[in-house]
Every structure is written in structure tokens, then in C-alpha cells.
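Residue numbers (our numbering), protein chains in the order written: chain A, 265 to 695; chain B, 265 to 695.
Hints were generated in silico from the structure; no laboratory data involved.
Incorrect hints may have been included.
[As the list claims (entries may be wrong)] Listed next, with one range per pair, are the computed distances between beta-carbon atoms:
#, chain 1, residue 1, chain 2, residue 2, range
1, A, A572, B, D466, 53 to 63 angstroms
2, B, D466, A, A487, 23 to 33 angstroms
3, B, V377, A, D520, 28 to 38 angstroms
4, A, T382, B, A358, 28 to 38 angstroms
5, A, D520, B, R390, 41 to 51 angstroms
[As the list claims (entries may be wrong)] Chain A stretches covered by chain B per the calculated footprint, using a threshold of three residues with CB under 8 angstroms from any CB of chain B:
#, stretch
6, 562 to 568
7, 652 to 664
Bear in mind that the values here come from a model prediction, so they are computed numbers and not experimental data.
Ideal Cβ positions, reconstructed from N, Cα and C, are used throughout, including at glycine.
Residue strings, one per chain:
Protein chains: 2
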Amino acid sequence: MSSADLTSADDAGSATAGRDPVVVAAERARRASHGLALATRQHKDMALEAMATALETHEALILAANAEDIVRAEASGTPANLIDRLRLTSDRLAGMAQGLRDVASLPDPVGEVVRGSTLANGLEMRQVRVPFGVVGMIYEARPNVTADAAGICLKSGNAVLLRGSSSARSSNAAIVSALRGAVEDSGLDPDVVQLVPGDTHDSVKSLMRARGLVDVLIPRGGAALIRSVVEESTVPVIETGVGNCHVYVDRAADLDKALAIVLNSKTQRTSVCNSAESLLVHADVAEEFLPRVVAALQEAGVTIHGDAAFTPYDGVQPATDDDYEAEYLSLDISARVVPSLDDAIVHIRRFSSQHTEAIVTEDLAAARRFTAAVDSAAVMVNASTRFTDGGEFGFGAEIGISTQKLHARGPMGLTEMTSTKYVVTGDGHLR
Amino acid sequence: MSSADLTSADDAGSATAGRDPVVVAAERARRASHGLALATRQHKDMALEAMATALETHEALILAANAEDIVRAEASGTPANLIDRLRLTSDRLAGMAQGLRDVASLPDPVGEVVRGSTLANGLEMRQVRVPFGVVGMIYEARPNVTADAAGICLKSGNAVLLRGSSSARSSNAAIVSALRGAVEDSGLDPDVVQLVPGDTHDSVKSLMRARGLVDVLIPRGGAALIRSVVEESTVPVIETGVGNCHVYVDRAADLDKALAIVLNSKTQRTSVCNSAESLLVHADVAEEFLPRVVAALQEAGVTIHGDAAFTPYDGVQPATDDDYEAEYLSLDISARVVPSLDDAIVHIRRFSSQHTEAIVTEDLAAARRFTAAVDSAAVMVNASTRFTDGGEFGFGAEIGISTQKLHARGPMGLTEMTSTKYVVTGDGHLR
Numbered sequence: 265m266s267s268a269d270l271t272s273a274d275d276a277g278s279a280t281a282g283r284d285p286v287v288v289a290a291e292r293a294r295r296a297s298h299g300l301a302l303a304t305r306q307h308k309d310m311a312l313e314a315m316a317t318a319l320e321t322h323e324a325l326i327l328a329a330n331a332e333d334i335v336r337a338e339a340s341g342t343p344a345n346l347i348d349r350l351r352l353t354s355d356r357l358a359g360m361a362q363g364l365r366d367v368a369s370l371p372d373p374v375g376e377v378v379r380g381s382t383l384a385n386g387l388e389m390r391q392v393r394v395p396f397g398v399v400g401m402i403y404e405a406r407p408n409v410t411a412d413a414a415g416i417c418l419k420s421g422n423a424v425l426l427r428g429s430s431s432a433r434s435s436n437a438a439i440v441s442a443l444r445g446a447v448e449d450s451g452l453d454p455d456v457v458q459l460v461p462g463d464t465h466d467s468v469k470s471l472m473r474a475r476g477l478v479d480v481l482i483p484r485g486g487a488a489l490i491r492s493v494v495e496e497s498t499v500p501v502i503e504t505g506v507g508n509c510h511v512y513v514d515r516a517a518d519l520d521k522a523l524a525i526v527l528n529s530k531t532q533r534t535s536v537c538n539s540a541e542s543l544l545v546h547a548d549v550a551e552e553f554l555p556r557v558v559a560a561l562q563e564a565g566v567t568i569h570g571d572a573a574f575t576p577y578d579g580v581q582p583a584t585d586d587d588y589e590a591e592y593l594s595l596d597i598s599a600r601v602v603p604s605l606d607d608a609i610v611h612i613r614r615f616s617s618q619h620t621e622a623i624v625t626e627d628l629a630a631a632r633r634f635t636a637a638v639d640s641a642a643v644m645v646n647a648s649t650r651f652t653d654g655g656e657f658g659f660g661a662e663i664g665i666s667t668q669k670l671h672a673r674g675p676m677g678l679t680e681m682t683s684t685k686y687v688v689t690g691d692g693h694l695r
Numbered sequence: 265m266s267s268a269d270l271t272s273a274d275d276a277g278s279a280t281a282g283r284d285p286v287v288v289a290a291e292r293a294r295r296a297s298h299g300l301a302l303a304t305r306q307h308k309d310m311a312l313e314a315m316a317t318a319l320e321t322h323e324a325l326i327l328a329a330n331a332e333d334i335v336r337a338e339a340s341g342t343p344a345n346l347i348d349r350l351r352l353t354s355d356r357l358a359g360m361a362q363g364l365r366d367v368a369s370l371p372d373p374v375g376e377v378v379r380g381s382t383l384a385n386g387l388e389m390r391q392v393r394v395p396f397g398v399v400g401m402i403y404e405a406r407p408n409v410t411a412d413a414a415g416i417c418l419k420s421g422n423a424v425l426l427r428g429s430s431s432a433r434s435s436n437a438a439i440v441s442a443l444r445g446a447v448e449d450s451g452l453d454p455d456v457v458q459l460v461p462g463d464t465h466d467s468v469k470s471l472m473r474a475r476g477l478v479d480v481l482i483p484r485g486g487a488a489l490i491r492s493v494v495e496e497s498t499v500p501v502i503e504t505g506v507g508n509c510h511v512y513v514d515r516a517a518d519l520d521k522a523l524a525i526v527l528n529s530k531t532q533r534t535s536v537c538n539s540a541e542s543l544l545v546h547a548d549v550a551e552e553f554l555p556r557v558v559a560a561l562q563e564a565g566v567t568i569h570g571d572a573a574f575t576p577y578d579g580v581q582p583a584t585d586d587d588y589e590a591e592y593l594s595l596d597i598s599a600r601v602v603p604s605l606d607d608a609i610v611h612i613r614r615f616s617s618q619h620t621e622a623i624v625t626e627d628l629a630a631a632r633r634f635t636a637a638v639d640s641a642a643v644m645v646n647a648s649t650r651f652t653d654g655g656e657f658g659f660g661a662e663i664g665i666s667t668q669k670l671h672a673r674g675p676m677g678l679t680e681m682t683s684t685k686y687v688v689t690g691d692g693h694l695r
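With the hints as constraints, model all of the structure from the sequences given.
The structure is reproduced here in C-alpha cells:
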């Protein structure tokens, strides 16, 4: 029996008439995942290269499909910034193809021995990385996620069910059609890359209930999307990306560094989860630092929502708890003066989304206390919050940034897209 | 501000009148967890030693409380095997105390650097193990789990909310009271070890909805308990312990080894998740192996539920799909003859709970194919399924055996009770 036979032998009871099309798709993904899990790195990299080429050769088709999405979005009054995120260009498509080639160049996480030893009784035990099996991605506007997620899942040996936003449905269909053709031409089952059928909320619900067929769901998008998946899914979820990130300027901060880090964390890019949303300043340096940081932020176009210490400054809005809780994703920042390092920590515990927090200090004890007591996916010392990123961390590819504590925390690369199993070899060993 | 001050400063808005007592307990656990996360190994080991001593010094009280549970269980007609699991003795208490001392002797997982490097721009990145924070345990009859779980959680820096079975409520209350006294005497916040208040199902529901206060829930017990937690919880769950484990006797098996492994896997202990529930035999060796294995299993008191190949044998029951799906946990085994290795793999994919499967073979290619294609937490080659166990794997302590793919898979020791965070240190680094 070949590997292909083994896969088809598993194809019991899957007549599709009248059944939930999402469940049917998930069953096909499950069957296809068995073969993919056994595929060599060589074979997977060949498929990734073919997928990259397919995006290039299908450029005209994909851009035409994208134009349909753009027309529909404009007709329904979609804001310009969302239309920009939806738009594909020749350059953006080339970037997606390059992304697939970059993933091909990364090591294969599958088969990595995480730990291993020979037990006292002579049993050889190895803990080995294996794919999850079937991954469900639920994501919003940007169609480039479709190719990125397909590439990362394929390389890590996982079949993927892609549920993009309905506003990008034509683009996603054209991209997935190109990718599936390339996968099939490479001799792998094209059902390792599928769009979730249907674009109503019912299809998301079916995906969230497909426990046993789907191994993990990864929602990427706004806070509301992520919360609804976390609350409704019976499939295990990896929560991503809500970032209410803080910069704390310590009593012992170098204030030049502090100013640069605050500006970079807030303004280098505002629409991303690792940008800063809140500034905490130690009272001892407030008198010197506040005039400088207020002027610099305002010059950069940032609106400050500050506590009482900021009232002397023109243009500063009074801050409420809602401000301290906000993930603005805009040129806004909440700000507060704190009497001590530990008060900064308490503030962060209360309001942070546990994504990334930074301390600016030259005091080793303060840095040690902050990094030990702040429980976030990433804690920066004298560095911008913007460094929490799979690319910056050298992971080569990123499927999202986990803000939960189970399984993966922080930027998720190929390694985080795997589980493990124990392989134990003996010679008739009994207990 | 001392560490204790930091903890109490976090104590905002927790007036308890009229509030859900489970939420109040979870808030107390959350606050207590902050101090515990920063405790040194020395401090935690001192507390574990004090907890062990407290079980010994409170022996009379704990055994008296246990006697109340036994009387109540007998009055309500509880079966003898469950009463035996509920019963504490001087020896069993000594075993619980020794378990706590064993945990003290294990390395502290908190602070372990999982990976680290200096990035191209000079940023120093370290991924460090940290506690989850607050762990919820939901478990059935055996009161020894109360002490085991408290010890493992404390050592891994986690506060624990213990929700044992109502049949063990007096025993659990006495054990937790002794442990909390010891924790407090050691200078740690006793709220790191708490019983969940109330013993109705409502308290379990509250625990399952305490997202944000409880970081992970671990159900340990029967399949129905675990399924209900998995389906209803919005707190992330680690699924444990349902084991429909298979032994596959390959065409190339050494049949003496095979016989010994089948018997050991099935009969060495029947009530545990890593005992075998199903036997698959390659058709080429059925004629020689079936008479031997049927005789040996029947001599050991095992009832065989077999397919058509087993009908010639007296006392064999005909097998249905329900048998192939069953986790008997008794002296029963389902059995089937398969025409090939790959048919064994297909059978396992369909019926296994992905806990542990074993192949018996002298053929390297068969062993490689089976270990690659069978997607279970543990795959044994020429060894009993009974080896899937934290103790056997050398973990020193075990909180359960995960049968899910997210976070931890297989036996979970101290390491699996932690998350990680990235600590990134720079000198004014900007993007």
C-alpha cells in the first residue's frame, strides 16, 4: 500500500450530499494532512517554490479578482485605509511570492528531536516534533495573509482551512486556486490548502465546532473577532495580537533614550499590535521629561490622553480608565505619572493585554524587577516595543503573535506550528 | 515597596459581598500568584517540605475526615472499587508526603532559558520559562491528587484552585487546610492553594468561565468529565487521559515478545489510561499467534471482543464498532485481524484516542512507518503501552497525561506547567 492508498483507504463515509460543506472541507483537509505529515522537506520546498511561481504566472487573474473586491468595497463605502489593506499590486504579489520562497529556505521543524534519552531500563525515548494536522485560520482584510498562512502551514506539515474576510473573497479565491494548482502539480494533495466554503458567519461557526477534525484555530484580526472565536470555539484556539503595550520611563532612565524609544514605539507604525498605547513616567523625572515628551509626541501628531500631571500642557486630553484600556492603533497615547516602579507594574497588571511592555532605565535592579514581575509575552529593556516580531526575532516567518500562555507565547514561527510525540523503542520491554 | 506591598496594592475592587465565591477565590489566587512567581526555588522547596510535614502531623484529622467521606459513600451505595480509591490510610498519607518531598528535589522549571541569542542589531533576546499564573484542577475521587497537584503547581510557581469530587469533600478540606497552614508558615501567601468553594456543578461552571483569572484548566477523570470541560470552558484546557490504546502485532513480530507485550499492556493494571484496549494482528501471523494470545488472555481472565477471525475460539465475543471505540478500563480487549500494516494504521486513525499505540515487529521499515504515520502522544516499538507515564519517562512528577496537541502532549511534568516570555535587552534600540 502506498502513501496515497493509505490516504484513500481512510476515506470512509464521506458522501457529501446535504452535509455541512465546512465539515466536508475539514474532512478532506484531515485526509490530506496524513500524506503531508509524511512529506519530506525536499518535497514541501518544491511545492512552496511552485506556489510562488503560480502567484507570478497568475498575476493578471489575481489582480482582476482583487479589482472586483475593490469595486465592491468602494461601492459599500469602505474607508480608504481598509481599501488600501485590501488592494493587491504587482509589487505586493511579488512580495507574497518572495515570502513563500523565504519559507522554503527555512529549516523543517517536523522531525526535530526536542529531547531524548535512554531510560534506566534501556528504553530509548525521543520527543519529536510533528505537525498539528489541520489548522484553521480566521482573518480579516489583507489577502496576503492567504499566501503567508498557506506557506507556513504547508512547510510545518499542516493542512490549512483559510477563512478570510468576505470583502476579500474574490482575491482569496483566485490566490487559493493558483496555490492549489501548484500543490497538485508538485504531487501533493491540493486539499492541504482550502478556502472555507461560504462567507457567512455560519461557516465560521462550523469551523469553531469542528473539534476532532480541526486541531487548532488561529484568529488574526481585531479584538472583537478574536474574542468571539475564543469564547465560542470548542476547537483549541491560539489567541493573537491584541496589544495594549506600555513604555515605562524609570527614575533612572537615560531621558534621551527614553524619548527616542517612546517616539519609535508609538509612531514608527501605529496600526500594529506591537506599537505603544500607553506611557508611564516615574514621578522623579516627570518635571524634566514631561515637557520634552509632550512636545515631541505632539510634533509627531500624537494626541496625549494624560492624567492630572499632564494638565499643564496644551492639547492634552484628560485620561479615563477607558483610555488606559484602549488599543488605539492610531496617533493616540494614554499617559500617567507613577510614584514608583512597583506602581508602574501594578498599572500594567491591571490594564495591559500582556503583549509587550518596555522599561527605560540604567538601573540594573529596576530592570531585573520589571522583567521578573511584568507577565507579558515580551518585556523590553531599553528597546522599542516594535521589536516583538517574528522577523525581528529571526524566526524568518510569522503566523501571528500569541498573547496567550498555552502552547506558544509571542511571535509564532514554524516551530510554534507543531506539536510533539514521544517515540519509545525497546526490545520486548514490560512493566 | 516590598513584594508583599506590590501584591496588596493590586487588591482593587474585591469586596466579596454577594459575589460569586469562585470568582472571589480566583481573584485571591491571581493576587497570590504574583508573589509565588517571584519566589526562589529555595523558598518553594522549604514550603514543600513544610507541606509534607503538615500531612504527617495532621494525620489523625485527615484520616477522621476521610472516614466521614467513606461513611457517606457507603451509605449512598458507592461501589467497592470507588470506595477503595477514596480511602486514605496512614501508608497512603505517607506516600503523599513523600510525593511532595520528591517534587522539592526536582529542578525548578521557572527561569530556565529555553532559547536565547544576540540579534544582528545587538539586542539580546532570551526566551525564559515562567509560571502560567493560576491553574484550575478538576478531578474525581482520589484525594491524593489534592496534595500531588498542590505540590506540582507550587513548585512550578502556579497558584492552584482545586475542585475535587464532592464525595471526597471532607478529605480534601482537611488536606488543603493542612497544606495552607504549612504554606503560610513558610512565608508564602496561603491563597496559592485553595479549594474551589461549593461542591455543586455551578462552582465548576464558574471555574470554566473565569477566563482572565484562571490561565489553564486541567480536568482529570473519566471521559464524560473531560468532554464536558473541553466543550464548556472558555478558559484554555489541557485535555488529559482518555486512552483507547492499541497493540499491533506485525507480520515480522517476535511472537514471544508480542505475547508478553499484549499481556502486560492489557493486564498489568486495567484501570489506567495507558493500558491496552485493542489488539490488532497481521493476517500473516494470525494462524500461529491467535491460539496463543487467546489462551493467554483468557487464562489471565480477559474477555476478548474479536472480529470474524476469532469466531473459532470459545468464549470470544463478537466485536462491534462500539468495542473498537471503547476505553474498557477492565479485563476486556477488542481484537481484529488486519491484512496489512497500513490497515492497522487506518484502524488506529479511526478508533484511537491518540494516547499510546504500540507495534511489535523486528522489521525496521515497519517500525519506521508505524511511528511516522501513527499520530498519538506516544508510539511504542516492542514495548508495553504501560510505559507512557511521567515516572517511567523520568519526569519525577506527573500532573496528568495530555492527549491534546496544543501546549503539551503525553505525560506532563513540571516543565509542562509553565509558559514562557521573551526578555529583550538593548541600549536604546529603535526600529
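Consistency of the hints with the structure:
1. A C-beta distance of roughly 43 angstroms is found between A:A572 and B:D466, which places it outside the suggested range of 53 to 63 angstroms.
2. For B:D466 and A:A487, the Cβ-Cβ distance of about 29 angstroms falls inside the hinted range of 23 to 33 angstroms, so the restraint holds.
3. Checked against the hint of 28 to 38 angstroms, the pair B:V377 and A:D520 passes, with Cβ atoms roughly 31 angstroms apart.
4. The hint said 28 to 38 angstroms for the Cβ distance between A:T382 and B:A358, and at roughly 32 angstroms that hint holds.
5. Judged by the Cβ atoms, the range 41 to 51 angstroms given for A:D520 and B:R390 is violated: they are separated by roughly 26 angstroms.
6. Three residues within the 8 angstroms Cβ limit are the bar, and the stretch 562 to 568 of chain A against chain B gives 0, so the coverage statement is violated.
7. Only residues whose C-beta sits within less than 8 angstroms of a C-beta in chain B count toward coverage, and the stretch 652 to 664 of chain A has 4 of them, enough to reach three; the restraint holds.
Hints 1, 5, 6 from the list above are not met by this structure, while the remaining hints are.
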